[in-house]
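Here is how the chains run, residue by residue.
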Amino acid sequence: MSRPLGSIVEALGGELVGAPDTAIQRLAPLATAELDSLAFVASPRYAAQIATTRAACLIVPPSLRGAASERGACIVTSDPYLYFARLTQWWKREHTAEPPEDIHPTAVVHPTAELAQDVDIGAFVVIGAGVRIGAGARVGAHCVLGDHVQVGTQTVLHPRVTVGERCSVGERCVLHSGVVVGADGFGFAPHQGAWIKIEQLGAVRIGNDVDIGANTCIDRGALDDTVIEDGVKLDNLIQIGHNVHVGAHTAMAGCVGVAGSATIGAGCTIGGGAVVLGHLKLADGVHVSAASVVTRSLLKPGHYTGMFPIDDNATWEKNAASLKQLNRIRERLKAAENAIEQALQNNTKP
Amino acid sequence: MSRPLGSIVEALGGELVGAPDTAIQRLAPLATAELDSLAFVASPRYAAQIATTRAACLIVPPSLRGAASERGACIVTSDPYLYFARLTQWWKREHTAEPPEDIHPTAVVHPTAELAQDVDIGAFVVIGAGVRIGAGARVGAHCVLGDHVQVGTQTVLHPRVTVGERCSVGERCVLHSGVVVGADGFGFAPHQGAWIKIEQLGAVRIGNDVDIGANTCIDRGALDDTVIEDGVKLDNLIQIGHNVHVGAHTAMAGCVGVAGSATIGAGCTIGGGAVVLGHLKLADGVHVSAASVVTRSLLKPGHYTGMFPIDDNATWEKNAASLKQLNRIRERLKAAENAIEQALQNNTKP
Amino acid sequence: MSRPLGSIVEALGGELVGAPDTAIQRLAPLATAELDSLAFVASPRYAAQIATTRAACLIVPPSLRGAASERGACIVTSDPYLYFARLTQWWKREHTAEPPEDIHPTAVVHPTAELAQDVDIGAFVVIGAGVRIGAGARVGAHCVLGDHVQVGTQTVLHPRVTVGERCSVGERCVLHSGVVVGADGFGFAPHQGAWIKIEQLGAVRIGNDVDIGANTCIDRGALDDTVIEDGVKLDNLIQIGHNVHVGAHTAMAGCVGVAGSATIGAGCTIGGGAVVLGHLKLADGVHVSAASVVTRSLLKPGHYTGMFPIDDNATWEKNAASLKQLNRIRERLKAAENAIEQALQNNTKP
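Protein chains in written order, with my numbering: chain A, 1 to 350; chain B, 1 to 350; chain C, 1 to 350.
This list has only true hints and no planted wrong ones.
Which copy? The list can't say, so a pair holds if one copy fits it or any two copies do.
Calculated cross-link-like contacts (lysine to aspartate or glutamate; reagent style EDC-like; alpha-carbon spacing at most 20 Å):
| id | residue 1 | residue 2 |
| --- | --- | --- |
| 1 | Lys281 | Asp312 |
| 2 | Lys92 | Asp120 |
| 3 | Lys281 | Asp230 |
| 4 | Lys197 | Glu98 |
| 5 | Lys324 | Asp312 |
| 6 | Lys92 | Glu10 |
| 7 | Lys300 | Asp284 |
| 8 | Lys334 | Glu317 |
| 9 | Lys197 | Asp79 |
| 10 | Lys300 | Glu317 |
| 11 | Lys197 | Glu165 |
| 12 | Lys197 | Asp230 |
| 13 | Lys281 | Asp311 |
| 14 | Lys324 | Asp311 |
| 15 | Lys281 | Asp224 |
| 16 | Lys300 | Asp312 |
| 17 | Lys92 | Asp36 |
| 18 | Lys197 | Asp224 |
No lab work stands behind these hints: they were computed from the structure.
Extracted from the complex, chain A is given alone in its bound form:
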């Protein structure tokens, strides 16, 4: 399977320097590209690698046109990373034989469900009463959609996704295997040393163009709904508690935990393994570093971090032991400063 460079530029634009009939067999990173590969150079920082890569063609910004064309073919475009993203999408479409739209005979579809004509339903799927699935949506094998779930047009549920009753997923979303949308939020009232369950009566509403990674969980709201706005990107193994609100185009890396009723703004990024405590508010444009714990609302856009720096274990042990006395160290420093101050005053007395 190969594509000529000319067909790529025809589909995606950019200026081709070189022969349009050059055959590309693979998209590859600069470092492992071979003579049949197309690679990209996102920024002049990587210019040094242009001389050594074996790639047949490079996607480069205008500033690298000279260096790239000296060594061979190139596609010049203003944003090579964006061009590359679109190229991966085109490449996948070209190389994927889409299965014919089909409702697999083993699927259990409730008679009141409304499926648009060209949806694709995999083996052993279970679809509840009143479910509505939009045109072109694909529901992978082993998915379970509870009663009255809605799935928008062109959305892809990979195999083994669970969407609980009354939850909705927008258009052009991608939910990966193991995702659970609409499990009960974690709500219990304490009573005589035990916990009394608060039934979770809300649902989950997911916007358009949302991607959700494998085994990520989004709980239904207690009374109101949990809301994920358009364009949000969630990586794998993320926990979103009940009544959380995630603003548009916010992205979270793997293993993040967001506790109940937190409100996260639009255009935020949350690093892997970070934790956001409950009922907090993060403004638009807040960026939280990996493994940081957000313990207070962050009302100004900016970059926030809280993470113990890693060190060799022996050094860490000493510093960690001192850390447990840090407040005492501060008090001792204050006393030393006072003693110095006192001594200086005595010395300057006549």
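Since the structure of chain A is already known, use the hints to place chains B and C on it.
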């Protein structure tokens, strides 16, 4: 779907101030309650919101009866949060059309399994040899119960729960989608640079009234069993290692990890993302803050924390750099104190 | 079900001190062993428990032969822990009635899939086009294998494992329930405030003798493959990002997150809940403590840690508050040192 206030008080008690035929269509938070909504005010701290909420009726403690009844209907009860919890349960029962008990024709049930007469078994469920399921239990679509699993009466397994062979789940439990009970514990003996698997021969025993969140994992014991006692509440994406023992009515928030052979007491709470290392012991009534790492046994009840405070990134960078020299700072402080001490002694010499 | 001591030594070696017809009904920990149990003592550190255990027989190193044989039967072997690991494997084989190899009639197997003759395929399994499954492999109920997946001989997929198209799993691997191999890596290009998906065109290649815990996720590579080498052991709920490379015999405890393009050497151990950031390199023989965050490459073997020490909450609060001023404390200390230095110089002036 609506219910008159009178029917609520009839079912759940409390003193109704106002017209019993007032129709309630929704349970709602104070802030988003509308004219058809019932809301609750758990404590006088929220008294200020009483004046502004649009709710048709408020559940309040006796101390707020005056303020609440001035603005409209109210239900007076000693513990509004508990009342609200029970109300959500009643509301859900009233509004849920329970499916008729049924064994779905696609379920694969081993002929030696013993199912009480009124159990409900979903589509594509797989039930192994010697399984026993108690009266009124519901096993959601796509659940897999290994050989000799026991499930107690009234327990609900949501779709796609896996319970491994010989594990048992008590009565009135709720296991959410993606839960894995009884995967192998993580046990390997090192040998010549490789790892030799220690087969995990124990099982998992889960008590009554236990709730387990989506995609949470509880591993089987190596020789003895992993034990979760009555009334334990586990949120989503929690890892419980082999041979862990969790005491009654302990609650853990999402993304907690408990390593093998840890023993956690009764009535504990573990915050989201916290880690408990292996072979440690936590007394009854230990409360661990979110994202804290328990590296030693905590033998006294109390509240424990260990978490790097979040800050703007630039400030964090400076403090984190200093932290890596903290032990050196302590030594320098000691030297300064000695110098001051020496100077003072010299000054007081005759 | 019981086995005489003699049959154990016959199968696994070691020197038996005691009667070969002693019946063993259970493998047990020292502390809970009963009169029918076989237990092991890995090291002289546990010698004190030899006197009090009720076990019928002990597996001991040569140095404990005397103490053990005084109280009853024992098996003497150079590495009791390794012996015990092999004993658990033998015990499981002896006690497990393997189901006959079978392709369950409900499984949906693509006609182009190649299954070795003695594979076992569970209920509701879905096997795509061009899949190849090696001899003796077992595919549990509800597994989904995408097109062109390869599974090696003797590998066990527990119920409900998903392996995405073109991914491969080696020989003698064990994948536990809920594992997702080959979901899309988390790759998006920013564009005008939104995220443009980078299709993930690589796959996942898993070596031989790899164990993967419940609900762990391993993402497919963006262009090249994500690679897990032979003998790697991954616990539950671990996230492995795209293009990560994990070296042979490395082990990771539960809830670890490894971000994209990280390269982890051979023979490493990563503690529970640790995070490894993207594009970093860890040398062979690097050991990372639980809950530590690897923010820079670790190019030398060794033991590394970064974790806030836990304390009672009140003490933590004081130390955490001081920590936020640590850089300021360092500056104040410098000033105090300068003042002392100055004072000493003045005092020593003639």
